[in-house]
Amino acid sequence: MRDVAVVSFAQSPCQAANRRDDMADILLPVIREAVYAAGIGRDDVDFVVSGSHDFYEGRTFSYIESLDAVGAWPPISESHVESDAAWALAEAWSWLQLGEGDIALVYGIGRGSLPADLDQVVPAQLDPYFLAPLAPHRDAIAGLQAHAAIEAGLTSEQGMAEVVVRCLDAATGNPLAQRSGQVDVAQLLDAPYVSSPLREHDVAPIGDAAAVVVLAADDAARRLAERPAWVRGLDHRMDTHYPGVRDLTTSPSTRRAIGRAAELAGFTTSDVDIAELHTEYSHQEAILTNALELNGAVVNPSGGPLAGRPVTATGLIRIGEAARQIRDGNADRALAHATSGQALQQNLVCLLEGDG
Amino acid sequence: MTEPITTMPSPFRMDYTYVAGTGRSVFLRGLAERKLMARRCAGCEQVYLPPPEFCSRCLRELEPPFELDGRGVVSTFCVVSFPFPGQRIDPPYVVAYIQPHGAGTRLMHLVREVEPEDVHIGMAVEPVWVSDDELDTSLLSIRHFRPVHNGGADA
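Going down the list, the sequences are from chains A and B. For the first sequence, the numbering used here begins at 2 and goes up steadily by one. For the second sequence, the numbering used here begins at 620 and goes up steadily by one.
To be clear, the hints were calculated from the coordinates, so they are not data collected in a lab. Among the hints, a few may not be true.
[Unchecked claim] Just some of the chain A residues that point at chain B, by a computed CB distance under 8 angstroms: (1) A17; (2) G59; (3) D69; (4) A117; (5) L132; (6) P134; (7) L135; (8) E163; (9) R167; (10) R261; (11) E264; (12) L265.
It should be emphasised that the depicted structure is a prediction, and the values quoted were computed from it without experimental measurement. Every residue gets a Cβ at the ideal spot worked out from N, C-alpha and C, and that includes glycine.
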């Protein structure tokens with residue numbers, strides 16, 4: 002295995018709706034910032050890979066527009082995943098492991114504000130025969146999962162509100178967060194249900210942002226960063242597509258992914274100082290904490306997705322934030338998690354470490 | 620044996636907000652005023668029409684927009700002879716890449732008011748705009764391009 006590290010991370014502010022910038026314009030300043038921070042020029046980048054989803058853009062091959070911000074001339078080595086950009090980082094990591102190059106630029110663009118009504122779009126991601134015709138509300142399946150999680154004793158409406166309070170408080174230190182502030186549990190529990198037992202605050206606020214991570218291998222990583230955040234272990238797994246055959250209160254794919262990532266890394270979740278979890282809903286923190294066997298780590302010090310969820314950039318931001326904690330010397334070991342699909346269907350786990 | 624289900628209606632309707640961006644908005648607003656607004660890159664001298672906000676080669680912001688008259692030459696073309704769903708015009712008709720004078724990029728549009736067999740690469744053409752009440756922030760504000768018969772020499 003080669004040593005591969007996050008050497009740079011940048012993101013644009015999470016906005017409920019960015020009506021000024023097209024896909025390239027939202028990305029260009031973020032690429033500039035990340036590349037500048039790494040002290041490289043774009044000619045030094047060997048591979049570019051991105052993640053986004055046409056469901057949110059409303060047209061096919063939408064990500065092509067973003068390539069204008071990469072400088073795809075002369076022609077570059079490039080790839081894209083139709084998913085959260087954390088999976089693009091997994092592709093870049095594999096590409097670097099294969100020895101194809103030394104520096105990879107990973108970006109995610111999420112523009113959840115473009116669909117006029119997510120209730121029209123979310124059902125299209127579901128099984129077309131049994132689920133899509135029912136046109137469930139965007140948060141309906143999450144509501145089923147939350148209710149099951151409460152019934153299983155994993156959390157409670159009070160516990161979910163406590164997660165939100167902690168995340169929004171942490172987000173007051175994150176100038177790029179979409180939502181932050183000091184709120185109290187009683188105040189949150191006064192709000193009406195969106196999809197019971199979920200209230201508005203339990204649902205990560207969807208919006209627009211771009212994020213960029215620069216990965217580098219071996220000597221390049223040591224050259225580009227004072228304290229690289231080494232990706233020691235990375236794995237992603239998926240559960241079956243049809244929620245009806247899953248036990249929604251557990252996440253076997255997360256459990257399996259952390260098992261494999263820990264095997265690669267030589268350390269596991271009990272050793273990490275912080276964990277950035279891709280919680281699209283507050284109740285999912287309890288499910289993920291169980292699956293990952295988190296014990297004592299600070300969860301979502303950035304505020305996490307409950308403070309801003311720019312759809313397909315959200316998971317990549319978790320990795321960037323976890324790496325930032327290592328690069329800033331606040332953590333020696335960190336975990337980042339990303340998810341895709343309904344009710345934690347697909348999960349990615351990344352274990353990071355700073356030099357001792 | 621149960622007869623297999625072979626079709627299942629699955630109607631979807633999805634509405635989206637289109638964010639044109641600042642660069643593209645300049646071009647689209649111009650079209651509603653019968654103007655073709657281009658922008659130049661100070662780094663590589665490329666003139667974009669339509670212009671984005673920045674040069675995709677140099678990644679620098681483009682210079683302020685300026686107007687081109689839309690006259691240019693056919694850079695390449697094909698004759699569409701085949702009918703297809705959603706077609707707006709009866710085939711055969713000419714689809715061309717137009718190289719407007721002063722622009723470094725090409726615009727795709729129709730070439731009409733000429734027999735398809737008389738179109739050639741290098742032919743001088745000019746835009747034919749729609750009437751005032753049809754003008755919009757759309758390339759359809761140009762109805763088509765047509766040959767220039769006086770004053771426009773072939774390239």
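Hint by hint, here is what the structure shows:
{"no.": "1", "hint": "A17", "in the structure": "violated, 12 angstroms"}
{"no.": "2", "hint": "G59", "in the structure": "holds, 3 angstroms"}
{"no.": "3", "hint": "D69", "in the structure": "holds, 4 angstroms"}
{"no.": "4", "hint": "A117", "in the structure": "holds, 4 angstroms"}
{"no.": "5", "hint": "L132", "in the structure": "violated, 11 angstroms"}
{"no.": "6", "hint": "P134", "in the structure": "holds, 7 angstroms"}
{"no.": "7", "hint": "L135", "in the structure": "violated, 12 angstroms"}
{"no.": "8", "hint": "E163", "in the structure": "violated, 35 angstroms"}
{"no.": "9", "hint": "R167", "in the structure": "violated, 33 angstroms"}
{"no.": "10", "hint": "R261", "in the structure": "violated, 37 angstroms"}
{"no.": "11", "hint": "E264", "in the structure": "violated, 41 angstroms"}
{"no.": "12", "hint": "L265", "in the structure": "violated, 36 angstroms"}
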